[in-house]
Amino acid sequence: MSEQLTLYLHKVSPFSQKIQLALAEANAPYRAYQVNLRNKPEWFTSKLNPVGQVPVLTYGGPNVNPEDPSSLSAKIVESNVILEFLADLYPNSGLLPKDPVLRAKVRFFIDATMKHVEGTYLAFVQGNESFDNVLKAIEFIQELLEEGRNFAVGDHYTIADACISPHLARLKIVTETDIGNFPAGMGYRLGEELEGPRFAKFKKYAQRMLDRPGFQQTHDEEAIIGYFKRRFTNRIQ
Amino acid sequence: MSEQLTLYFSKISRYSHKVELALIEANAPYTAYQVDLDNKPEWFTSKVNPVGEVPAVTYGGPNVNPDDPSPLSAKIAESNVILEFLVDLHPDSGLMPNDLVLRAKVRFFIDATTKYIEGMYFPFIEGNESFENVLKGIEFIQGLLEEGRDFAVGDHYTIADACITPHLARLKIVTETDIGSFPVGMGYKLGEELKGAKFTKFKKYAERMLGRPSLKQTCDEEAITGYLKRFLRAQF
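Sequences listed follow chains A and Z, in order. With this note's numbering applied, the first sequence covers 1 to 237. With this note's numbering applied, the second sequence covers 1 to 236.
Next comes chain Z alone, as it looks inside the complex (with noise of 0.2 angstroms):
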């Protein structure tokens, strides 16, 4: 039986960027609408989001325009909210295993990404700290991945790779551009650290995330980039 599913999203958002990576892998279909989070439709905080952010799925309902929401259909936001439900409505997708400790690991996995890798981003790319902590949430991440495993929990894709592969992606284009508020050359310095040895197993996996075709086809980096030169301009 199959509901209606809308994703509101914008191609700078990392949150977003997680729900079309489960979306994709997991071969669901949706619509897909972008949003223009500088000219934010009113339609979009009063009828889909009054929180106003993406991401925002809508789902069941008619069959109606995504600028043109219906107000039978169920609301649902905040991205770690959005992957339960995408798994929730994918049981055999392989977007979260069967076995009850796998699915809790998961869930660890996705708790650390937030806590460890999500919060520290910003505060990097704003200039408001080093990247020792971006390291530190890097090195935490590392130690949860299994040696020889592809993805980060079990063996098959799951939204804990989801989860943290927009950050994965963002990381590398401000490791190879040097784009942020920090002091000149330490986007350069933080792709250097990354490529020691310390740090061998992250960055086999992430270049397996990286790599896949769900990445691609969603990772816009000129937006990305764009959307990035607003810190640099902060630095006067």
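Here chain A stands alone, though its shape is the one from the complex (with noise of 0.2 angstroms):
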């Protein structure tokens, strides 16, 4: 029983992204389409999104122009309820182990990441903090990361690698372009500290989750960049 998959995304959504990487590791079905946020549709706002923002997942309901949605789908929103609704969806894909306490350290590394990951990176790249606080925000996460495993949890990718594989790829940006409101050199700075034996461990892990197929093909680098350079105008001196 095939019922129909559409993912409304931006290709410079951290979030969007996330749907995606699960989606190409599940090796799912489904349709993408891509919403002009600087120009929301009206349909986007009144069928998927009444917040107007992506990732939305659509599913089951007649098969119809992603433009057109249907009343008949489920409207799914927030990027880490639909991670567990694929996971939900697709239950033999790994995407979450099947033993209870694995999934709850699947769920826990989700939780470091929003609490830890997501706040800091952003209050570092909106010039409002240091970068002293992504720093021990990425030690938590370490911590937390196996010695020789390749993945977060477990022996397969989980919607845990899905869901801090794309803020490891915008710090990664801000490391080596450094573009960002924080003061001149700051990014450079805080690539060069993620370069020192401290890190070692959290550093090939995302360089191995940068690597995967599965990101690659979901990863516009110069989309993002340019989103920054337009975000990010208000150097801290």
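Be aware that a few hints might be false.
Stated by the list, open to error - Dumping the calculated BS3-like pairs for lysine-lysine here, alpha-carbon to alpha-carbon at most 30 angstroms: (1) A:Lys172 - A:Lys201; (2) Z:Lys136 - Z:Lys204; (3) Z:Lys115 - A:Lys172; (4) A:Lys115 - Z:Lys47; (5) A:Lys201 - A:Lys98; (6) A:Lys47 - Z:Lys47; (7) A:Lys98 - Z:Lys47; (8) Z:Lys115 - A:Lys98; (9) Z:Lys47 - A:Lys201.
As the list claims (entries may be wrong) - Coverage of chain A stretches by chain Z, computed from C-beta distances (three or more under 8 angstroms per stretch; other residues unrestricted): (10) 72-81; (11) 87-100; (12) 104-113.
Claimed, not checked - Calculated from the model, a selection of chain Z residues having no Cβ within reach of chain A, i.e. all distances over 10 angstroms: (13) Tyr59; (14) Arg212; (15) Lys229.
Simulated from the structure, these hints should not be mistaken for laboratory data. We put the beta carbon where it would ideally sit given N, CA and C, even for glycine.
Dock the two chains into a complex; use the hints.
Below is the structure:
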């Protein structure tokens, strides 16, 4: 039984990329539709997500044009809710392990990513904080990574890996381009810190995630850099 | 196959309260141990939860005294992670529906509770914000409640109900006692707003949740009120 799956996304959104990664790793068929976030179509807000954000997943209902969503499909929003939905839809994909304790570890990893990584990264790039908290966050995540394991939890790519990977990519861009509202050079310095032995385990993990085909296929570095350049134009002196 | 489950909690914690509710509603056996958050035992941080917070759960391993946790048990922290863990342990309890779309609704409700209810509570209690955001949060949640349904999602008590109910209990206490760092009377005013026609659906839902035996067994109003009084002193 194959219900239709349509993902409304935007190529610079780390939140919609999480979903693309999970779908790619689960080998799940779906339709992708990029929403013009700067010129939001009326039907997007009225029929899909009143909050007007991506990602949105429609599930089921008749096969329609993505621009003409059916009222009969289920509409699912919030990236982490969608990730869990996909794990339910594809129970044998490995997106979530079967063991309850390992499942709890995946969810704890996701919770840590939300609590520690997302907020500190944004505060740094927006010029509101130094990168000290970013490093603390990365250390916290690193503690959760097991030596010699390829994935965040267990032996398979899970929604934990999907959840953190877009942020790893954007951190990398910031350390390589120094784009952000922080004082000039702080992006490069953050990169140097992350090259140190203290973060070796994290760095190896991040590189593995960014090397995956599923990631490469969904990552538009140029678009993200362009977006960062437009968004972060108020450098703190 | 019955592995041991021990819940480390506190009567004043709105987070560990969620887990108590879910365990009781699922009829799940467990050992409860109250942690004195003002006087945290060293073994709690070193052996159970390095972050030092409740709730924390140990699962499996030998049957030991809760204050002597075994390294062989799994340690699980973060209230919403624990709620999902309980669902996995008790798949037929109804704590989560079987239908995939309804499961997404439960998780969306929990996400909304975290964002719009949990986040708004302390800024108001601590006197840093008016209750406007509390009301906006409640309105958002109310929008998710279906007319004529007894629970947040579907026809059974789920982890969505367990997630929000501790806040409903504490909000009720605040509106009845006016205890907090906000200007005198603001707690009562919030209560009056919530009695208005605009919040009828929410109020009915809250009353149903607060009327359940699981809540009555686990809600220590004295302890919560005592804790809130610390905020009163801060008014000077």
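Hint check results:
1. A:Lys172 - A:Lys201: This hinted pair holds, its Cα atoms lying about 15 angstroms apart.
2. Z:Lys136 - Z:Lys204: Holds, because 17 angstroms separates the two Cα atoms, which is no more than 30 angstroms.
3. Z:Lys115 - A:Lys172: holds (29 angstroms)
4. A:Lys115 - Z:Lys47: Distance of about 22 angstroms is within 30 angstroms: holds.
5. A:Lys201 - A:Lys98: holds (26 angstroms)
6. A:Lys47 - Z:Lys47: Status violated; Cα separation ~49 angstroms.
7. A:Lys98 - Z:Lys47: Holds, at about 26 angstroms.
8. Z:Lys115 - A:Lys98: This hinted pair holds, its Cα atoms lying about 29 angstroms apart.
9. Z:Lys47 - A:Lys201: The given pair, whose Cα atoms are some 24 angstroms apart, holds under the 30 angstroms limit.
10. 72-81: Coverage by chain Z holds for the region 72-81 of chain A (6 residues, Cβ < 8 angstroms).
11. 87-100: Holds, because 3 residues of the region 87-100 of chain A bring their Cβ atoms closer than 8 angstroms to Cβ atoms of chain Z.
12. 104-113: That given contact holds, which follows from 4 residues of the region 104-113 of chain A lying within Cβ reach (below 8 angstroms) of chain Z.
13. Tyr59: Per Cβ check, Tyr59 (chain Z) is inside 10 angstroms of chain A; nearest 7 angstroms; violated.
14. Arg212: holds (26 angstroms)
15. Lys229: holds (29 angstroms)
In summary, the numbered hints that this structure violates are 6, 13.
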